[in-house]
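A.B. asks: For this one, chain R is given, so just place chains V and D on it according to the hints.
Protein sequences, first through last, are from chains R, V and D. Mapping to this note's numbering: the first sequence position 160 is 160, numbers consecutive. Mapping to this note's numbering: the second sequence position 171 is 171, numbers consecutive. Mapping to this note's numbering: the third sequence position 361 is 361, numbers consecutive.
The set of hints was computed from the structure by calculation and includes no laboratory data. Just to be clear, a hint being listed does not mean it is correct.
Said to hold, decoys possible - Simulated pairs of lysine-lysine, BS3-like, Cα-Cα distance not exceeding 25 Å:
| id | chain 1 | residue 1 | chain 2 | residue 2 |
| --- | --- | --- | --- | --- |
| 1 | R | K400 | R | K188 |
| 2 | D | K139 | V | K278 |
| 3 | R | K147 | D | K165 |
| 4 | D | K165 | R | K164 |
| 5 | D | K35 | D | K293 |
| 6 | D | K165 | R | K218 |
| 7 | D | K139 | R | K147 |
| 8 | D | K227 | V | K278 |
| 9 | V | K172 | D | K35 |
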Amino acid sequence: MKKFLSIVLSLLMVFSIVSCAKKSTGEVANADSAAANVEKEATEVAQVNTADDGEKIIKIGVFEPQSGQNGGGGKQEVYGIRYANMIYNTITIGGEEYKIVLDEVDNQSNDTEAVSAAQKLVADRVNVVLGSYGSSVSIKAGPHFRKAEIPAIGCSCTNVQVTKGNDYYFRVCYLDPFQGRIMAQYAKKHNYNKVAVITELGDDYSTGLGKSFEDGCKELGIEVVSHHEFQKNEQDFNSILTKIKSANPEFIFAPSSIVTAPLILTQARALNINCQIGAGDTWENGTIITNAGDAANGIVVSTFYEAKSKEEAEGEEAVFLNGVNGDGNGFLEYLKSQDPKEEMIPAVSALGYDSYLAAYKAIEKAGSLEGPAIRDALAELSFTGVTGDISFNSDGDAIKNTAYIKEVSEGQFVFKEKV
Amino acid sequence: MSTFLQYVFTGISVGGCYALIAIGYTLVYGILRLINFAHGDIFMMAGYFMIFSFAVFPFPVAIIITLVATTALGILIEKFAYSPLRQAPRMSVMISAIGVSYLLQNLSTYLFSGLPQPYPAIPGLKQRVMLGDASVSLVTFITPIVTIIIVLLLLRLVNKTKIGMAMRAVSKDYEAASLMGIKLNTTISFTFAVGSLLAAVGSILYFTDRSSVYPFSGALPGLKCFVAAVFGGIGSIPGALLGGFFIGISETIIKAVGLSTFSDAFTFIILIIMLIVKPTGLFGEKSVDKV
Amino acid sequence: MLKNSFKEKININLLLYLGIIVVSVLILTFLDMNKREYIYAISIIERSLVFAVAALAMNMVTGFTGLFSLGQAGFMALGAYTTAILTIPVELRPNVYYMEGILPALENLSFPIPIAVILGGVVAAFFAFLIGIPILRLKSDYLAIATLGFSEIMRAVIASHMMDKITNGAYGLNNIPEFSSSIECFIYTSICIIAMILIINSSTGRDFKAIREDEIAARSVGINIFKTKELSFVVSSFFTGISGGLLAMYMSSINSSTFQITLTYDVLLIVVLGGIGSITGSIVGAFFVTAGKELLRFFDEPLTVAGVNVPLFKPGFRMVIFSILLMVVVLFFRKGLLGGKELSLNGFKKYSRKKEDKGIQVGGAS
Numbered sequence: 001m002k003k004f005l006s007i008v009l010s011l012l013m014v015f016s017i018v019s020c021a022k023k024s025t026g027e028v029a030n031a032d033s034a035a036a037n038v039e040k041e042a043t044e045v046a047q048v049n050t051a052d053d054g055e056k057i058i059k060i061g062v063f064e065p066q067s068g069q070n071g072g073g074g075k076q077e078v079y080g081i082r083y084a085n086m087i088y089n090t091i092t093i094g095g096e097e098y099k100i101v102l103d104e105v106d107n108q109s110n111d112t113e114a115v116s117a118a119q120k121l122v123a124d125r126v127n128v129v130l131g132s133y134g135s136s137v138s139i140k141a142g143p144h145f146r147k148a149e150i151p152a153i154g155c156s157c158t159n160v161q162v163t164k165g166n167d168y169y170f171r172v173c174y175l176d177p178f179q180g181r182i183m184a185q186y187a188k189k190h191n192y193n194k195v196a197v198i199t200e201l202g203d204d205y206s207t208g209l210g211k212s213f214e215d216g217c218k219e220l221g222i223e224v225v226s227h228h229e230f231q232k233n234e235q236d237f238n239s240i241l242t243k244i245k246s247a248n249p250e251f252i253f254a255p256s257s258i259v260t261a262p263l264i265l266t267q268a269r270a271l272n273i274n275c276q277i278g279a280g281d282t283w284e285n286g287t288i289i290t291n292a293g294d295a296a297n298g299i300v301v302s303t304f305y306e307a308k309s310k311e312e313a314e315g316e317e318a319v320f321l322n323g324v325n326g327d328g329n330g331f332l333e334y335l336k337s338q339d340p341k342e343e344m345i346p347a348v349s350a351l352g353y354d355s356y357l358a359a360y361k362a363i364e365k366a367g368s369l370e371g372p373a374i375r376d377a378l379a380e381l382s383f384t385g386v387t388g389d390i391s392f393n394s395d396g397d398a399i400k401n402t403a404y405i406k407e408v409s410e411g412q413f414v415f416k417e418k419v
Numbered sequence: 001m002s003t004f005l006q007y008v009f010t011g012i013s014v015g016g017c018y019a020l021i022a023i024g025y026t027l028v029y030g031i032l033r034l035i036n037f038a039h040g041d042i043f044m045m046a047g048y049f050m051i052f053s054f055a056v057f058p059f060p061v062a063i064i065i066t067l068v069a070t071t072a073l074g075i076l077i078e079k080f081a082y083s084p085l086r087q088a089p090r091m092s093v094m095i096s097a098i099g100v101s102y103l104l105q106n107l108s109t110y111l112f113s114g115l116p117q118p119y120p121a122i123p124g125l126k127q128r129v130m131l132g133d134a135s136v137s138l139v140t141f142i143t144p145i146v147t148i149i150i151v152l153l154l155l156r157l158v159n160k161t162k163i164g165m166a167m168r169a170v171s172k173d174y175e176a177a178s179l180m181g182i183k184l185n186t187t188i189s190f191t192f193a194v195g196s197l198l199a200a201v202g203s204i205l206y207f208t209d210r211s212s213v214y215p216f217s218g219a220l221p222g223l224k225c226f227v228a229a230v231f232g233g234i235g236s237i238p239g240a241l242l243g244g245f246f247i248g249i250s251e252t253i254i255k256a257v258g259l260s261t262f263s264d265a266f267t268f269i270i271l272i273i274m275l276i277v278k279p280t281g282l283f284g285e286k287s288v289d290k291v
Numbered sequence: 001m002l003k004n005s006f007k008e009k010i011n012i013n014l015l016l017y018l019g020i021i022v023v024s025v026l027i028l029t030f031l032d033m034n035k036r037e038y039i040y041a042i043s044i045i046e047r048s049l050v051f052a053v054a055a056l057a058m059n060m061v062t063g064f065t066g067l068f069s070l071g072q073a074g075f076m077a078l079g080a081y082t083t084a085i086l087t088i089p090v091e092l093r094p095n096v097y098y099m100e101g102i103l104p105a106l107e108n109l110s111f112p113i114p115i116a117v118i119l120g121g122v123v124a125a126f127f128a129f130l131i132g133i134p135i136l137r138l139k140s141d142y143l144a145i146a147t148l149g150f151s152e153i154m155r156a157v158i159a160s161h162m163m164d165k166i167t168n169g170a171y172g173l174n175n176i177p178e179f180s181s182s183i184e185c186f187i188y189t190s191i192c193i194i195a196m197i198l199i200i201n202s203s204t205g206r207d208f209k210a211i212r213e214d215e216i217a218a219r220s221v222g223i224n225i226f227k228t229k230e231l232s233f234v235v236s237s238f239f240t241g242i243s244g245g246l247l248a249m250y251m252s253s254i255n256s257s258t259f260q261i262t263l264t265y266d267v268l269l270i271v272v273l274g275g276i277g278s279i280t281g282s283i284v285g286a287f288f289v290t291a292g293k294e295l296l297r298f299f300d301e302p303l304t305v306a307g308v309n310v311p312l313f314k315p316g317f318r319m320v321i322f323s324i325l326l327m328v329v330v331l332f333f334r335k336g337l338l339g340g341k342e343l344s345l346n347g348f349k350k351y352s353r354k355k356e357d358k359g360i361q362v363g364g365a366s
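Bound-form chain R, shown alone (with noise of 0.2 Å):
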């Protein structure tokens, strides 16, 4: 019984498998019947999609972590990356309309999960992917895109490595050599000689963003009195604190994920730990202050973006915040619909409206679905998003030379100085 059992479930599994791989032949004969002229050639088939009523439709892949460590902030992005796809919902390409569809799948911030993740989206044939909040599964998809051709546009993965040595990879977002100089440049600034920094162990955004800080304040004649590093999942930060306690510094940089955010700032207080910490553009997220409380207050944060007024809003970032029919219908209200507990609009979600925005225009610009065509339009594209100017140097990172600087005081995140 067991046997039969399990020969019939080996089938099932062996059928599935087939059934995925047929469900892709299809898309290729109807594109093939779709556009007849299209060479044969499997590597040349051209990626266009046909939706079930005969509408064209163009897919963009959006690659987040929407659970696991990372879900709640990979959760933000995707709203921006929605909203970007309501507002531009159809581009029309040699003429003809298409419709833009968003196919998300879940990474869950899980380096091989993303790399079966970043498959489905090869296998789905999307033309264009977004993502990843979380530079660590966006390093590892990295080479799956670009050996599909697929052009990949990155929100707010900071690390070095996720667009290096790949001409297929693109993102919208500064660099954290950046962010860590001009975290060191506020402590010059503010006068800060002495600090400390904690940072994940094993984590490449932690660590890496910990050590252009450390290298920033050598530069800036800033001493590091202490580094600690923390095992992921840690709760108990009360020892390392401490140990920095003991070593008196005037600010303390702590880039880590969200989920350790609130554990360092209640625990640092609670010690009686006084002087300003800060970190990287992950701190800046509603849920730190929920769960901090009053230890939030005081807190320093580089981040990407920050909203203007309505009223003072331009060009798209007022379509942003304002409704594609300036009837200030904007995202704000449109991410209060999603989820009642947002407050304030989170930089990653501006960051994914503007990914949303690059690939379109990228289309337009190619007028072509073709990886390498839009890859190349990318390189050269130049436009204002929500975030400010971007535009993509040779290793595909935007060029941006602006970060926002936020405190939060009395429970919410104030923009404080722009670097």
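C.D. replies: Then chains V and D, alone, in the frame of chain R:
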């Protein structure tokens, strides 16, 4: 000096929580010879129970609800995941335990999202006390006291009461105990209830000082407390108490001398050394191979 | 190596296995030729194959020798890092080690892929040999925890600053050469799998099983318990290391967080689902779990039935379903899909007359 004091308090307070969780491991292992891999996750679930009950009820009620719900969860897990495997090889039960842990983590990610949830501040517990330069919360003092009281009560329960006697009998010899008319299932359920109750108490003390809960909150403390239980001699309640404090304090020392990178590795090195030198732990009983 | 009793079986089984290999090669060649359309399927197959090696290696030590080891992730990390360090193209290395630079001794040290993968296995086996001496004397569950601890120690060491110039610390390694085709992956994995099958069916393999069934009885018939356990542990770790190297090639970039306890649990899941102590079970299990995880993806997407959004379907639901499935198998199909049995033609013929349950008793008396 104040730094040193601070370390001492940190070590003791972490150690106390570890001890409470470690006792849960020890009790279950003593009876079922099972490493309850899900114990750390029961601890995490207790954190979530507190968050949700506190949102609705005043804190004394919320605490009671947390304790009851966690105990119920422990019994439920035993009924569904372990009791059907009574006659199965030990490895199957261990795998089932890993499965439960996996399920609880995935379920809580699904239900409560991966984002950390703020843990409510129970009035009084978070009060800070200044000792020189060292700032210590009230819960830091309460933790070791509560832990020791609970251990004393538990020892009384195990040694002096009828159900305690049944527990000891079952842990000595399972089959003989059931032949003597001891209700096996009731005894085992009771053991799980006690273990989970302690995990809930530990969870309240632990999270009050750490202020947020997320689905993997239980993973690391779970592993460390297991090490603590093994260190003290698995199956022995005073052993678990000692092991908990030992692991908590030595971890603090490791971090204090600036080796925070290796604090986890160190915990496991202690484990491996202990297993090699004295596999039964400090107070463990020698097991006899039956042919 | 192959004793008579085994030879009788081999004739028909050999046919079956040859058939499977030929059919697989044909299918894979077809998929490779149409790589563009089938890349998702190819990726699932490659991943399944790699995990099949890891699962079979775990099964060798856990299912056949009865030593519950949870150190798979650590050994895979050793294999993966060795393979990666030795195969990343020399000209790309400065790019990979962009933060801290690379140890001069490693700068130009490069090996062909098969040799690097085997060296990865050797490194894993060497470490297994070292830690095996003390910890294999431990009883079942203590052994599980000790190996788990070892795996965590390995991970912390790999990620630490001390190792920056070798393992690139927290930044991980990338640009690891990938499988040029799924056939390449198939060749590596099937060589490993066949080698393991031969070992399990040899007289050494019977020693393993003897220890699993009854340690004391095994000792009394002259089996050197400790040596045999050590052998099983080392050989299993060798293949685990190889599977790690293959995983590195599959993923093409790794870092220390790839090798967390969850990786061990994933392998364990395959072994359990396939059946502890069944070779074919591990292989079928690897495909079942890997493909299953992908197929259940639709649970994560919002589902709308007749215009109503079903609230159950949201990200994370897939993993819940998956863990429930695991529990169901553990509780109700305790011996996994195949139990201690093998999928074979002989088995089919004998099935009717042989009803005797040879289910295994692992873990010893308690």
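A.B. asks: Now, for every hint given, state plainly whether the structure supports it.
C.D. replies: Now for the hints, and whether the structure bears them out:
The suggested pairing of K400/R with K188/R holds, with an alpha-carbon distance near 21 Å, which does not exceed 25 Å. Our distance criterion of 25 Å between C-alpha atoms is met by K139/D and K278/V, whose separation comes to about 13 Å. In summary, the hint linking K147/R to K165/D is not supported, as the alpha carbons are separated by about 28 Å, beyond the 25 Å threshold. With a C-alpha separation of about 19 Å, the suggested pairing of K165/D with K164/R holds against the 25 Å cut-off.
Only pairs whose Cα atoms come within 25 Å are accepted, and K35/D paired with K293/D is accepted, the gap being roughly 22 Å. Distance hint between K165/D and K218/R is fulfilled; the C-alpha atoms sit about 21 Å from each other, no more than 25 Å. Of the pairs offered as hints, the one joining K139/D and K147/R is violated, with about 48 Å between alpha carbons and a cut-off of 25 Å exceeded. Our distance criterion of 25 Å between C-alpha atoms is met by K227/D and K278/V, whose separation comes to about 22 Å.
Between the alpha carbons of K172/V and K35/D the distance comes to roughly 61 Å, so the proposed pair goes past 25 Å and is violated.
In terms of the numbered hints stated before, the structure departs from hints 3, 7, 9, listed from lowest to highest.
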